[in-house]
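J.: Given next are the chains, with one letter for each unit.
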Amino acid sequence: MSQPKVPVWVNVALIPFINIMLAFLVSGLVILAIGEDPIEAAGYLIYGAFGYDEGIGYTLYYATNFIFTGLAVSVAFKAGLFNIGGEGQAYIGGLGVGLVCLALDKTMPFYVIAPLAIIGAGVFGAAWAYIPAYLQARRGSHIVITTIMFNFIASSLMVYLIVNWLKEDGRMAPNSRTFEESAWLPYLHDFFLPLGIDIGSSPLNFAFVIALVCCVLVWGLIWHTRWGYQLRTLGTSATAASYAGIDTAKVTIWVMLISGGLAGFVGINEIMGVNHSLLLNFTAGYGFAGIAVSLMGRNHPIGIVLAAILFGALYQGGAELAFELPNITPEIVVVIQGLVILFSGALEHMFKDRIEGFFIRRAVA
Amino acid sequence: MFETLILMLDATLRVSTPLILAALAGLYAERSGIVDIGLEGKILGSAFAAAAGAAVYGSAWIGLCFGILASVGLAMIHGFACITHRGDHIVSGVAINTVVAGLTVTLGLDWFSMGGQTPALSGDARFTDITLPFADALASVPVIGQIYSNLLSGHNILVYLAFAMVPVTYWVIYKTRFGLRLRAVGENPQAVDTAGISVAFIRYRALIICGILCGIAGAYLSTAHNAGFLKDMSAGKGYMALAALIFGKWRPVPVLLACLLFGFLDAVAVRLQGVELPGIGEVPVQAIEVLPYVLTVLLLAGFIGKAVGPKAVGRPYVKERE
Amino acid sequence: MTNNATPYAIELRDISKRFGAVQANKDICLQVEAGTIHGIIGENGAGKSTLMSIIYGFYEADTGYIEVDSKRVDIRTSQDAIDSGIGMVHQHFMLVENFTVLENVVLGAEGGALLKQGMDAARVELQRLAQEYSLDIDVDAIVEELPVGLQQRVEILKALYRGARILILDEPTGVLTPQEADHLFRILKALKEQGVTVLLITHKLREILASTDNVSVMRQGEMVAHRETAKTDKEELAELMVGKKVRLQVSKEVAAPTETVLSAKNLCFVDGQGVERLKNVSLDLRAGEIVGIAGVSGNGQSELLNVLSGITPMTSGEIQFGDTLINAKAPKNAAQMRDLKMAHVPEDRHKMGLVTGFEAYEAAVLGYHNSDAYNGKVLMNRKVMVDECSRRMAGWDVRPPNPHLKTANFSGGNQQKIVIAREVEQNPDVLLIGQPTRGVDIGAIENIHEQIVKLCVAGKAILLVSVELDEIMALSDRIIVMFDGAIVGELDIKDADERTLGLMMANAYNEELSEQALQEGESA
Amino acid sequence: ADIKPAVVYDQAGKFDKSFNEGVYNGIKRYTADTSIQVREFEPKNEAQVEQGLRRLAKRGYSPIVAVGFSMTSAVEKVAKDFPNIHFSIIDGVIDLPNVQSIVFKEQEGSFLVGALAAMKSTTHTVGFVGGMDIPLIRRFGCGYEQGAKYITADATVIQNMTGSTGAAFNDPTKGSELAKSQFSQGADVVFAAAGGTGIGVYQAAKDSGKLAIGVDSNQNHIQPGTMLTSMVKRVDQAAYNAYEAAQTGTWKPGFMVLGLAEGGVDWALDDNNANLITDDMKAKMKDISAKIVSGDIKVHDYMSDNTCNY
Ligand SMILES: Nc1ncnc2c1ncn2[C@@H]1O[C@H](COP(=O)(O)OP(=O)(O)OP(=O)(O)O)[C@@H](O)[C@H]1O
Ligand SMILES: Nc1ncnc2c1ncn2[C@@H]1O[C@H](COP(=O)(O)OP(=O)(O)OP(=O)(O)O)[C@@H](O)[C@H]1O
Ligand SMILES: [Mg+2]
Ligand SMILES: [Mg+2]
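Chains as they are written, first to last, in the numbering used here: chain E, 2 to 366; chain X, 17 to 338; chain S, 19 to 542; chain U, 13 to 322.
The reader is advised that the hints may include incorrect statements.
Pairs of lysine-lysine, DSS-like flavour, derived with a Cα cap of 30 Å [claimed, not checked]: (1) S:Lys-359 <-> E:Lys-251; (2) E:Lys-353 <-> X:Lys-322; (3) S:Lys-472 <-> X:Lys-322; (4) S:Lys-134 <-> X:Lys-265; (5) S:Lys-369 <-> X:Lys-335; (6) E:Lys-251 <-> S:Lys-369; (7) S:Lys-89 <-> X:Lys-335.
Derived from the structure by calculation, the hints contain no laboratory data.
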């Protein structure tokens with residue numbers, strides 16, 4: 002019996018659209034409840050995110066983080082693993098970047114530091130994912146719980162390291178010293194200005210390009226290599242994987258290494274691209290937002306880029322909104338983010354089943 | 017030395033109270049097969065609602081009711097997603113935590129214009145400490161009297177409630193019809209369904225209990241332990257309760273012990289800040305802070321015992337595949 | 019109870035049920051006389067379990083209604099069914115494994131908000147039932163520690179404890195030895211004498227003929243015939259079941275096996291729970307023969323296949339495969355075994371043989387995905403995979419021949435062909451085949467059987483595992499019987515008959531032999 | 013002149029009951045006095061600090077008051093890009109021609125409240141609960157200790173820091189636990205220099221019947237009867253002055269160090285704590301104040317050498 006098929010656009014476009022609209026609708030109600038006009042709010046939000054060069058720059062800068070964490074969550078998800086530890090992996094990834102920059106910025110030129118810092122981000126992020134991955138693969142401990150625990154451990158570790166070892170003497174804020182410019186990732190506006198293109202001054206930097214490259218690499222990896230084949234097999238059926246002679250423990254571990262590495266790349270954007278020093282809490286929830294991004298983006302790199310831009314727009318537009326309407330805090334964006342996770346993740350079947358049912362019935366009739 | 021110990025244990029009781037409540041809440045949920053990573057969000061939501069209610073109506077009890085209502089409401093959203101719509105439990109929990117983190121601040125700012133905080137509570141708007149009978153009279157009796165009057169007496173009612181919930185939970189889980197069904201539904205929901213019992217109804221009831229307990233935990237934070245709501249005031253307590261739940265292997269008494277251990281570590285960490293220990297030197301507070309998480313990971317990895325949860329936990333109960 | 023206006027205990031009227039695109043039951047009508055044993059037969063997937071689950075309130079019918087004792091009843095939940103005196107023993111047991119027998123029995127019938135009284139009362143009642151129907155059991159035993167036969171007993175007790183007057187048994191003998199099955203049928207007879215109506219679902223014609231009063235036949239979701247058991251026979255029922263005349267025998271030459279290609283010695287396997295699943299299993303496979311493994315499912319056959327194919331590492335023992343020696347110290351995983359030219363058609367194609375989310379061409383390289391043929395330096399060569407898949411689909415008559423269709427969307431037989439084609443086309447020396455025709459419709463069965471025979475003729479060594487004795491007997495040259503993880507007997511096909519195999523499967527053959535010898539000695 | 017003033021609070025938000033709220037009060041007062049609206053911005057993360065500053069600068073807001081040391085690097089960057097906009101940073105030091113850096117001699121105010129605490133203490137033990145463990149907060153602690161010892165030479169001063177991150181300024185639960193632990197060690201007056209964490213300290217003091225000292229703003233009203241006094245740091249005044257100076261054209265860049273003499277720090281006496289303070293104490297305080305202003309009492313600044321050796 003071949004089953005009647007649901008048109009592709011339903012799954013790829015219609016259902017995510019309905020979910021996000023629902024999230025917006027409920028957020029609109031919240032805004033209404035606090036006595037502001039949702040339409041006006043949406044106007045500020047859209048203007049802030051896309052209305053001017055600098056705004057777009059900020060949107061894409063935030064999107065860079067979301068691409069990294071979104072990819073991180075989705076790579077693991079493709080292999081059937083829920084990596085909820087992106088936050089901690091990003092944090093430790095930033096440590097990797099920071100250590101490389103602090104060690105080399107005085108002595109080495111940019112083209113030596115940059116690749117090493119990128120490797121540092123990946124290796125540190127991956128290392129932080131390795132332990133939960135190892136424990137899941139070899140000792141059967143549940144990766145969701147262990148990665149949550151590792152988020153807390155990462156945050157304590159970073160406090161300890163930064164406060165006790167890396168903080169610059171005499172500085173109040175718990176930051177390392179600011180890196181020399183040789184360890185700064187170029188801003189895109191600095192890159193474009195000599196070409197006669199003014200894109201406004203924003204933190205958007207070269208990490209965005211790295212993020213896009215990662216998307217292509219992840220896409221190729223998942224759908225066009227034997228490793229991708231193995232991880233997709235494992236993600237759909239663990240028994241089929243062991244039948245196929247796939248070393249599931251090994252796949253689990255390296256998938257988590259890739260996932261952790263991708264999350265760690267947030268450090269490139271934040272530490273090397275924007276803050277130019279190692280500081281506390283620069284991950285600011287991007288790791289958790291990665292869950293929403295990968296859900297929205299249906300675990301496909303293109304979807305993830307789009308979802309990341311959407312979330313970047315929410316962050317940037319949300320700041321603009323809070324700036325224009327002081328009654329609204331930027332936390333409204335966190336509410337929207339949560340609602341997106343709720344509707345397109347937890348409640349995905351609510352509409353999906355009905356809509357698909359509708360199309361199946363139409364196909365049958 | 018003995019007095020210090022008493023005071024440390026006294027602090028332990030205060031700090032572990034929300035953990036105990038939340039971990040027991042998680043116990044009901046997970047024993048029924050629902051993973052509840054949203055404990056954190058429920059605590060936070062209830063802390064906010066309780067403080068808001070107490071601030072507006074000037075009564076801690078009214079605040080408590082608000083807190084419980086908010087928390088049960090969140091639990092019902094979790095149920096709606098996970099039970100009715102077979103959603104992923106983890107995703108639903110993350111969603112709830114995220115929404116609450118944003119919503120409490122947004123509403124708080126609008127209602128109280130204090131940057132997301134609630135007004136400071138005082139008087140009847142807070143749960144105040146209760147002195148047990150004869151506590152003052154016995155205070156001078158060495159050891160026993162000190163334990164009684166300094167350690168056991170002088171907590172607010174929610175602390176006693178939390179500890180009372182442990183035997184109550186034990187009784188409910190192991191000695192009642194509801195408990196039998198609850199345990200069964202977390203192990204094999206099909207068996208329960210074919211025995212003529214509604215899986216969904218049991219799970220919803222478990223989540224309501226979970227909501228109530230988290231509600232009390234949240235109200236404790238904002239109206240008893242503290243005097244008002246602060247943004248993100250749950251500060252990971254929900255996750256730590258989850259860790260305690262696993263550490264206690266989903267059984268009431270071991271869970272209590274795990275909570276006390278974690279609470280004790282917290283109380284120690286507060287007091288060890290910057291203190292030189294003889295022979296060890298200064299222990300970084302962070303090292304003590306992470307101990308509960310590290311211990312739980314070690315347990316999960318099977319290095320100290322083995323944690324095996326209810327068999328059907330986290331798996332949506334699907335009767336008909338469409 | 020009203021006096022018997024009609025003698026029917028239960029009547030179904032126009033019951034229909036659809037799961038998504040599958041019409042599992044269509045306009046089903048059925049009348050079951052009170053106090054009889056009524057059989058329902060049908061192939062895998064005919065809709066038997068679905069229908070029974072509707073009676074038991076587990077599923078709700080889309081249309082139609084049910085009458086119990088001539089009164090229309092509204093059964094929406096299992097509780098409604100229980101209230102109407104219906105009990106059911108499910109195909110897959112519905113027991114809470116880490117509960118005691120007593121807890122399982124009282125679950126849902128606790129008799130009060132507190133457990134104590136209910137449990138005490140149940141203890142007494144279970145004792146009574148045990149005596150009445152010879153259903154002895156230790157009520158304080160933990161269910162997962164009981165053998166399957168006893169677990170089934172718990173299910174029956176559960177139903178009786180709830181006062182079931184109508185008892186549904188869904189394929190109760192699938193997990194039992196013929197001798198255990200006989201015991202079950204004796205119990206059913208006793209129940210019938212007490213006035214209980216029994217609905218017995220199976221696809222084993224033998225059991226139907228031996229123990230039922232009436233029989234109904236289902237095919238593809240429809241009820242196609244009702245017969246009085248006494249007035250029908252095996253051939254008629256088989257034909258009704260599959261809708262055409264079936265040839266129960268495969269035409270097969272006597273094998274001419276040549277050299278030994280695989281030889282396993284003292285294989286042992288202990289699972290994660292510390293249970294010994296394989297006990298000193300030794301066997302040889304020779305080129306050009308089919309060796310059948312018979313046994314009730316769950317007696318180590320799956321583990322044997324998994325160990326031989328490298329999916330699970332053995333605990334001890336060794337396998338000599340061609341020039342390679344494999345043992346616990348030098349294990350080979352499934353991929354390495356494939357490299358040594360071993361192919362494996364797994365028992366469960368959904369969970370193992372295929373990845374249901376993959377397109378056919380992807381599933382068609384499962385296990386061989388690392389082979390140079392499908393890979394460039396870094397990327398996989400999609401074109402090669404698709405072309406090869408198309409070619410195989412044409413050769414094996416897979417329908418529809420679309421390499422881009424999701425594997426989930428092929429029918430069972432076609433899925434099985436995709437799996438068998440994949441394994442066979444690698445030209446292996448040894449082929450392990452588990453349950454080749456499970457869930458496959460009859461047309462495809464013939465086809466698959468022919469292909470297996472062809473391979474044997476082509477000189478492959480084939481190990482066939484099946485719970486269908488008929489299949490084993492039709493295909494094998496040699497039959498090995500497994501019980502409780504060990505080999506308990508081996509027969510050449512010309513010495514094999516159902517009775518002997520049945521006794522061996524229950525590990526009762528040797529006892530019977532010695533008993534016979536004893537009797538003979540006495541009489542002499 | 014017409015000015016477009018603005019303020020950027022730090023991440024604790026303008027209702028932290030102490031530091032930011034002090035600035036907020038100054039701004040409220042300024043708006044009430046001049047009916048000039050001040051544009052306020054509360055950032056939620058690192059990136060938004062800089063973004064907010066930039067946005068305000070772009071729209072021509074000046075002067076922009078930045079609240080707190082954590083804003084230093086962001087202000088530095090943005091000030092470089094907008095040389096025509098005036099920035100005033102409180103508690104931070106930036107050497108740029110368009111930035112005014114306002115810092116306080118917290119040690120002097122802390123000395124005063126330390127002295128008062130010691131006068132009030134019956135156990136000769138007083139406590140100090142700091143927020144985040146940074147030199148700035150140690151400066152409070154050091155001054156406090158010095159003040160206490162000035163009155164009672166053998167006084168015990170128990171010092172605890174809440175933590176080592178920004179969160180330490182907003183953790184009342186921990187504040188209350190620390191206070192309780194200090195009470196159990198005999199302290200009967202506790203000074204909290206810990207932002208929002210102080211709320212928990214004051215609550216604990218009230219619950220245990222001890223005394224507490226507030227910080228930054230006048231916090232005497234939070235727990236009347238429990239609050240012995242507050243070490244006021246006139247950040248409100250600093251903000252007020254910055255706007256006022258800009259309005260009158262007298263705003264100038266450079267460092268401003270506000271001590272007791274300049275009215276930048278003080279101890280608070282109002283109705284809420286009047287009956288805790290005897291006339292004798294008042295007189296003594298007055299005397300100490302005068303001595304500090306005159307230089308007879310030299311209060312050690314922790315940050316001058318990162319030690320508390322006086
Ligand atoms: N819960 C379900 N969701 C979707 N489809 C189902 C479900 N249960 C059964 N089916 C489908 O309905 C059809 C009838 O299945 P059913 O289990 O009733 O067959 P059966 O006769 O009991 O077969 P078997 O002999 O294998 O037990 C099959 O095609 C099956 O795949
Ligand atoms: N240097 C000054 N320049 C202008 N006005 C001043 C100055 N010092 C005090 N004032 C005025 O005197 C009034 C009383 O000052 P006081 O210290 O009581 O402030 P307050 O309203 O209690 O603030 P807070 O709540 O921060 O303590 C203030 O409202 C202020 O307008
Ligand atoms: Mg069936
Ligand atoms: Mg005042």
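J.: Would you mind marking each hint as holding or not holding in the structure?
T.: Against the structure, the hints:
With a CA separation close to 24 Å, the supplied pair S:Lys-359 and E:Lys-251 stays within the 30 Å bound. Note on E:Lys-353 and X:Lys-322: the hinted pairing is violated, with a Cα-Cα distance of about 39 Å set against a maximum of 30 Å. Only pairs whose Cα atoms come within 30 Å are accepted, and S:Lys-472 paired with X:Lys-322 is rejected, the gap being roughly 51 Å. Distance hint between S:Lys-134 and X:Lys-265 is fulfilled; the C-alpha atoms sit about 25 Å from each other, no more than 30 Å.
The hinted pair formed by S:Lys-369 and X:Lys-335 meets the criterion: a straight-line CA distance of about 19 Å does not exceed 30 Å. For a cut-off of 30 Å, the pair hint linking E:Lys-251 to S:Lys-369 stands: about 20 Å separates their Cα positions. Restraint check for S:Lys-89 and X:Lys-335: satisfied, since their Cα atoms lie roughly 28 Å apart, inside the 30 Å limit.
Of the numbered hints given earlier, the model fails hints 2, 3; all others are met.
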